[in-house]
Amino acid sequence: MSRSNQMFGDNAFDLLKDLKRSAQTIPAFDDDGVRQVLEEIKAIFEENVAQASSYNNSGDRSLWPLLNYRHAALQRNKRCLLAYLYERMQRIKAMRWEFGPIIPSDIKQALCDPEVQFFNNYSKSLASYMRSVGDGQGIDLTGNLRPPKSLYIEVRCVENYGKFELDDGEVVHLKKNSQHYLPRAQVEPLVRQGILQHIA
Amino acid sequence: MSDSENLEQALNEHDLSTEAALADVNEDDDEDEDAEPITAQKVLDILETAWTNEMCAPELLQHQTDMLELMLSQVAHMEEQMKDLDKNDFRFVVHQMELERIRYIMASYLRCRLQKIEAFTQHIINQDETRDAADKRLSSEEAKYAQDFAQHVDEYFTKVATRYMPNQQRGEAEQRIVAPNLMSHVFLKANVAVSGVIVGVDDEEVDLTPGSQHIIPYQLVADLVQKNQAQLI
Chain U
1 MSRSNQMFGD
11 NAFDLLKDLK
21 RSAQTIPAFD
31 DDGVRQVLEE
41 IKAIFEENVA
51 QASSYNNSGD
61 RSLWPLLNYR
71 HAALQRNKRC
81 LLAYLYERMQ
91 RIKAMRWEFG
101 PIIPSDIKQA
111 LCDPEVQFFN
121 NYSKSLASYM
131 RSVGDGQGID
141 LTGNLRPPKS
151 LYIEVRCVEN
161 YGKFELDDGE
171 VVHLKKNSQH
181 YLPRAQVEPL
191 VRQGILQHIA
Chain C
1 MSDSENLEQA
11 LNEHDLSTEA
21 ALADVNEDDD
31 EDEDAEPITA
41 QKVLDILETA
51 WTNEMCAPEL
61 LQHQTDMLEL
71 MLSQVAHMEE
81 QMKDLDKNDF
91 RFVVHQMELE
101 RIRYIMASYL
111 RCRLQKIEAF
121 TQHIINQDET
131 RDAADKRLSS
141 EEAKYAQDFA
151 QHVDEYFTKV
161 ATRYMPNQQR
171 GEAEQRIVAP
181 NLMSHVFLKA
191 NVAVSGVIVG
201 VDDEEVDLTP
211 GSQHIIPYQL
221 VADLVQKNQA
231 QLI
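These protein sequence lines map, in sequence, to chains U and C. With UniProt numbering applied, the first sequence covers 1 to 200. With UniProt numbering applied, the second sequence covers 1 to 233.
The hints are simulated quantities; they were obtained by calculation from the structure and are not laboratory data. Mixed in with the good hints, there may be bad ones.
Claimed, not checked - In the EDC-like style, the derived pairs of lysine to aspartate or glutamate whose C-alpha atoms are separated by at most 20 Å in a straight line are:
id	chain 1	residue 1	chain 2	residue 2
1	C	83	U	167
2	U	93	C	154
3	C	159	U	39
4	U	149	C	154
5	C	83	U	87
6	C	159	U	87
7	U	42	U	60
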């Protein structure tokens, strides 16, 4: 290989390290990194194929260690790459639970097309599962995330939301910086979206 | 404890409807055992045990669709009843709270199962294929969800990476199967006396007395949990 100080697998390992270090919900999809790893895999594979055929012709056993070494590097690259994708997938899944079925636009920029597609598929099958549970009655599993401590909670409005109708028909005006004492079950989604803030 | 007593009372008022519902379920399943009268409290107990077991066990346990459906209709029923109650009545608050708790348990239980299904998708699907229809671990909805999920993950991996890899390197999907660690330790409480449980590699035996608690690798007691002779805590 022409690159002097670089070992096989370094690119793949960098992918993982970057992902782990990033503090964002999900960093931008590393198109270049992934392509480099894929190219490396391909290059190693081709070298191995070439050498394997020359081994078949010559029967030169001294090539064995090199073949094995390349194979191991190949496996490692593959594993790192898939781990990278898997970890991103976990974060995408977590987003479905956190933000609901629509990806916030700032996060959407960080995803690549197949990832957006995966999110939509995941979201759809989760929704249809939740609808079908319990003999067609359906349960919203994304609610009731924390054990209930009290029926009502005190919340403060972080932004202007406007009118909010409760189950019993009562209408509350959610104005910025106003405080309310509302049923927890009904305002939980708003708290998760960051419109309301739960105060002790 | 007044909460739960209150609930018990409230729930017992509706025992009759629950029994009817259960009879329905039994008919559907063609079970030949007698339809034992089951109270709503009992259903809740079963669900609670199933929930704690599921939370603690490393692998996916038997699904509880019947119990869950009973409880759901019970909750709907109670909500209906509570509409007639005065909102400022003390009982209203207590009942509402209890309903919230039940709902949390059910949601948390199903969520926990989904997490396991997502983590060990292929392993669980493979295992369930070898089981008889009667003791499948996945409910039919969960089975569909698992299939869908496996397919979506595969699609995603293929699109981003594996299709760019050399042919011989693509397969090996079986390498990617993740299985739970069944030998991880769990906390266990015995419900009934069980004698001669083998613990450890050197065939050491232990007798469990009712109510006693132990820390033990899961696999050694998996069948006890399955038969409800012991429960995880």
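Verification of the hints:
no., hint, verdict
1, 83/C to 167/U, "12 Å, holds"
2, 93/U to 154/C, "15 Å, holds"
3, 159/C to 39/U, "16 Å, holds"
4, 149/U to 154/C, "40 Å, violated"
5, 83/C to 87/U, "46 Å, violated"
6, 159/C to 87/U, "16 Å, holds"
7, 42/U to 60/U, "24 Å, violated"
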